[in-house]
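Enquirer: Sequence:
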Amino acid sequence: MDSIRKNSIGRNIIHLFIGTVLSRGINAVTLIILAKYLNSYQYGMFSVALAFSMVMGYFTDVGLSNIVLREGAKQGNDIKVIIGSYVKLRIILLIATFLGSFGIIHTIYENNELIRMVYYLIIPMVIGLAMQSIGITYFQLVEQMQYVSIIRILSSILLGVAITIGMILAIPPFQIAFIFGMSYFLAGLYGIYMVHKSIGLTLKLPFQKGLLDQIGLFIISGLVIMLLPHMGPLILENTMPLAQIGLFAVAYRIPSALYQVPGIVGGAFYPVLFKHYSAGRVQEHERLSVLQFKMMVLIAMLLTIPIFHAADIIIAFLFGDNWILAKEPLRILAVLLILQGGGVALADGLTTQGLQGRRTTIQLLTAILGVGLYWILSMLYELKGAVYAALFIELIAMLGFCIMSPNRWRLLKSVLLPYSFLCTVALIGVHRLLGTSSVASILTSIALLSFVLLDVEVRTVMLRYIRKIKKQTAA
Numbered sequence: 239m240d241s242i243r244k245n246s247i248g249r250n251i252i253h254l255f256i257g258t259v260l261s262r263g264i265n266a267v268t269l270i271i272l273a274k275y276l277n278s279y280q281y282g283m284f285s286v287a288l289a290f291s292m293v294m295g296y297f298t299d300v301g302l303s304n305i306v307l308r309e310g311a312k313q314g315n316d317i318k319v320i321i322g323s324y325v326k327l328r329i330i331l332l333i334a335t336f337l338g339s340f341g342i343i344h345t346i347y348e349n350n351e352l353i354r355m356v357y358y359l360i361i362p363m364v365i366g367l368a369m370q371s372i373g374i375t376y377f378q379l380v381e382q383m384q385y386v387s388i389i390r391i392l393s394s395i396l397l398g399v400a401i402t403i404g405m406i407l408a409i410p411p412f413q414i415a416f417i418f419g420m421s422y423f424l425a426g427l428y429g430i431y432m433v434h435k436s437i438g439l440t441l442k443l444p445f446q447k448g449l450l451d452q453i454g455l456f457i458i459s460g461l462v463i464m465l466l467p468h469m470g471p472l473i474l475e476n477t478m479p480l481a482q483i484g485l486f487a488v489a490y491r492i493p494s495a496l497y498q499v500p501g502i503v504g505g506a507f508y509p510v511l512f513k514h515y516s517a518g519r520v521q522e523h524e525r526l527s528v529l530q531f532k533m534m535v536l537i538a539m540l541l542t543i544p545i546f547h548a549a550d551i552i553i554a555f556l557f558g559d560n561w562i563l564a565k566e567p568l569r570i571l572a573v574l575l576i577l578q579g580g581g582v583a584l585a586d587g588l589t590t591q592g593l594q595g596r597r598t599t600i601q602l603l604t605a606i607l608g609v610g611l612y613w614i615l616s617m618l619y620e621l622k623g624a625v626y627a628a629l630f631i632e633l634i635a636m637l638g639f640c641i642m643s644p645n646r647w648r649l650l651k652s653v654l655l656p657y658s659f660l661c662t663v664a665l666i667g668v669h670r671l672l673g674t675s676s677v678a679s680i681l682t683s684i685a686l687l688s689f690v691l692l693d694v695e696v697r698t699v700m701l702r703y704i705r706k707i708k709k710q711t712a713a
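Following our numbering, the numbering of the sequence shown begins with 239 at its first residue and continues without gaps.
These are calculated hints, taken from the structure and not from any lab test.
Heads up, a few of these hints could be off.
[Claimed, not checked] Straight-line Cα separation of at most 30 Å, DSBU-like style, residue types lysine-lysine; simulated pairs:
no., residue 1, residue 2
1, 565, 622
2, 513, 326
3, 447, 312
4, 513, 318
5, 326, 442
6, 622, 274
7, 435, 312
8, 513, 435
9, 447, 326
10, 447, 435
11, 442, 318
12, 513, 442
13, 274, 565
14, 312, 326
15, 312, 513
16, 435, 318
17, 442, 312
18, 447, 513
19, 435, 326
20, 513, 651
[Claimed, not checked] Pairwise CB distance ranges, derived in the manner of DEER restraints:
no., residue 1, residue 2, range
21, 451, 481, 45 to 53 Å
22, 340, 277, 27 to 35 Å
23, 520, 619, 42 to 50 Å
24, 658, 607, 14 to 22 Å
25, 521, 413, 55 to 63 Å
26, 603, 563, 29 to 37 Å
27, 618, 443, 50 to 58 Å
28, 648, 518, 16 to 24 Å
29, 442, 405, 42 to 50 Å
30, 428, 607, 38 to 46 Å
Cβ atoms here follow ideal geometry from the backbone N, Cα and C, with glycine treated the same way.
With these hints in hand, go ahead and build the complete structure from the sequences.
Expert: Set out below in structure tokens:
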């Protein structure tokens, strides 16, 4: 592993940023076009099937990728053995996931059209997600994020082309779901090919027993991580009409897609945090963990502001006037970006310190409360209740991770409290004074950037990379 040339955190952030923006942008446009092609009932069915597929996809990993990063960070471990063992476990989980899911589908769903939609989507998509994840995990481990971006971009391009051709040919919604899944499958094949090309992937090597260390905690954590974003459509199918689920899905999908931008920072920091703590550099781990929190929250806030102040314009422009009822849900759900950014940064800090048990405890509590919140609030207040349930879930998770962190007081004083105050003023305060307008969005963004310049740690990092870029440009 040491012979493989690694990128710096800054370079990996740039690679991930480019890949994420392009792939998520293409995905977002594709889903927007698809929403216009399908009616609200069909899009509601598709949203439920997509949520079920994503849940299944995570069942084929259930946190194993995090264990691979942990084991790969340890000196003396053979990366070829680790990846080969990882693939063996993924194959077992893939088979078990399909066997378990077929029974669940017929148990929880009674709508035959919905069942058919789920089948058309899950078979190619879940296999493709598993293969993509193997490639992404490997290149994340060796800190070569440019290949992570290539896999994601290829998947998005294939998705966009396939869906566009399908709509031009006016094929039925069920076939649209199948070609949606096939785009993930083909990109997954490419990811496996890239791993094999890099290290000569083989299943004949001995099993890396370290992958089983704390695997139970990582499995539970992985299941909850994948369940929370898709919990809404899965539960709401029992408490709300499919048309309202379609509105919720449209509003939820925008911040969910944009979260990948602050998530870039987490993806670049994650393997480095593992390495620092594994090598006993605890203070450096703490410094980087706090810096990751600040950067993810600040980026999330910059993305939240225009969505909050221009939700109606965004919905009308992207989806058309037929979906204008999704504007208020979108305005509220924009705050998810901030809560998710802070929560993931805190959770990564726990995992990379070997405190996976604490992370799993909070995630389990959040999941249990989340089921109740979605069910009760959507039954009482329908769409608005579902929206607030999504916010409460992320807020509970973020506060829980902070309480469980050994650095909780530093995080509270230097990040959580001041940034929460800033967020409240930037969104609610400005909204009271200026309403929702482009002027409010611009002024809030300027104020936020000014606040960033007052943060010595963030400012130092920004200036360091600006100087580095200038040197590279001059050279």
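Enquirer: Please go over all the hints and tell whether each is borne out by the structure.
Expert: Going down the list of hints, with the structure as the test:
Between residue 565 and residue 622, the direct Cα distance comes to roughly 11 Å. Compliance with the 30 Å bound is thereby established for this hinted pair. With a CA separation close to 25 Å, the supplied pair residue 513 and residue 326 stays within the 30 Å bound. Of the supplied pair hints, the one linking residue 447 and residue 312 holds, its CA atoms being roughly 13 Å apart against a limit of 30 Å. For the hint pairing residue 513 with residue 318, the CA-to-CA distance comes to about 18 Å; that is within 30 Å, so the pair holds.
With a CA separation close to 10 Å, the supplied pair residue 326 and residue 442 stays within the 30 Å bound. For the given pair, residue 622 sits about 23 Å from residue 274 by alpha-carbon distance, which is consistent with the 30 Å threshold. Of the supplied pair hints, the one linking residue 435 and residue 312 holds, its CA atoms being roughly 23 Å apart against a limit of 30 Å. Only pairs whose Cα atoms come within 30 Å are accepted, and residue 513 paired with residue 435 is accepted, the gap being roughly 25 Å.
A threshold of 30 Å between alpha carbons decides the hint, and for residue 447 with residue 326 the separation of about 12 Å falls inside it, so the pair holds. Between residue 447 and residue 435 the alpha-carbon distance is near 25 Å, which keeps this suggested pair within the 30 Å criterion. Distance restraint check for residue 442 and residue 318: the Cα-Cα separation of roughly 11 Å lies within the 30 Å cut-off, and the hinted pair is therefore satisfied. Of the pairs offered as hints, the one joining residue 513 and residue 442 holds, with about 28 Å between alpha carbons and a cut-off of 30 Å not exceeded.
Between residue 274 and residue 565 the CA atoms are separated by roughly 16 Å; this keeps the pair inside 30 Å, and the hint holds. Proximity of residue 312 to residue 326 is assessed by CA-CA distance (about 21 Å); at most 30 Å being required, the pair is judged to hold. At roughly 7 Å between alpha-carbon atoms, residue 312 and residue 513 fall within 30 Å of each other, so this suggested pair holds. For the hint linking residue 435 to residue 318, the alpha-carbon distance of about 12 Å falls within 30 Å, and the restraint holds.
Under the criterion of a C-alpha separation no larger than 30 Å, the hint pairing residue 442 with residue 312 is consistent with the structure, at around 22 Å. Between residue 447 and residue 513 the alpha-carbon distance is near 20 Å, which keeps this suggested pair within the 30 Å criterion. Our distance criterion of 30 Å between C-alpha atoms is met by residue 435 and residue 326, whose separation comes to about 18 Å. Restraint check for residue 513 and residue 651: the C-alpha separation of about 27 Å stays at or below 30 Å, so the hint holds.
The hinted window of 45 to 53 Å between residue 451 and residue 481 holds, with their beta carbons roughly 47 Å apart. Under the hint 27 to 35 Å, the C-beta atoms of residue 340 and residue 277, about 28 Å apart, fit the expected range. One distance hint, 42 to 50 Å for the beta-carbon pair residue 520 and residue 619, holds here, with the actual separation near 46 Å. As the Cβ distance of residue 658 to residue 607 is approximately 21 Å, the hint placing it in 14 to 22 Å holds.
Taking the beta carbon of each, residue 521 and residue 413 are about 56 Å apart, inside 55 to 63 Å as hinted. For the pair residue 603 and residue 563, the beta carbons lie near 33 Å from each other, so the given range of 29 to 37 Å is met. The hinted window of 50 to 58 Å between residue 618 and residue 443 holds, with their beta carbons roughly 55 Å apart. Checked against the hint of 16 to 24 Å, the pair residue 648 and residue 518 passes, with Cβ atoms roughly 20 Å apart.
Judged by the Cβ atoms, the range 42 to 50 Å given for residue 442 and residue 405 holds: they are separated by roughly 45 Å. Look at residue 428 against residue 607: about 39 Å separates their beta carbons, and that is inside 38 to 46 Å.
Every hint, counting from the list given before, is met by this structure.
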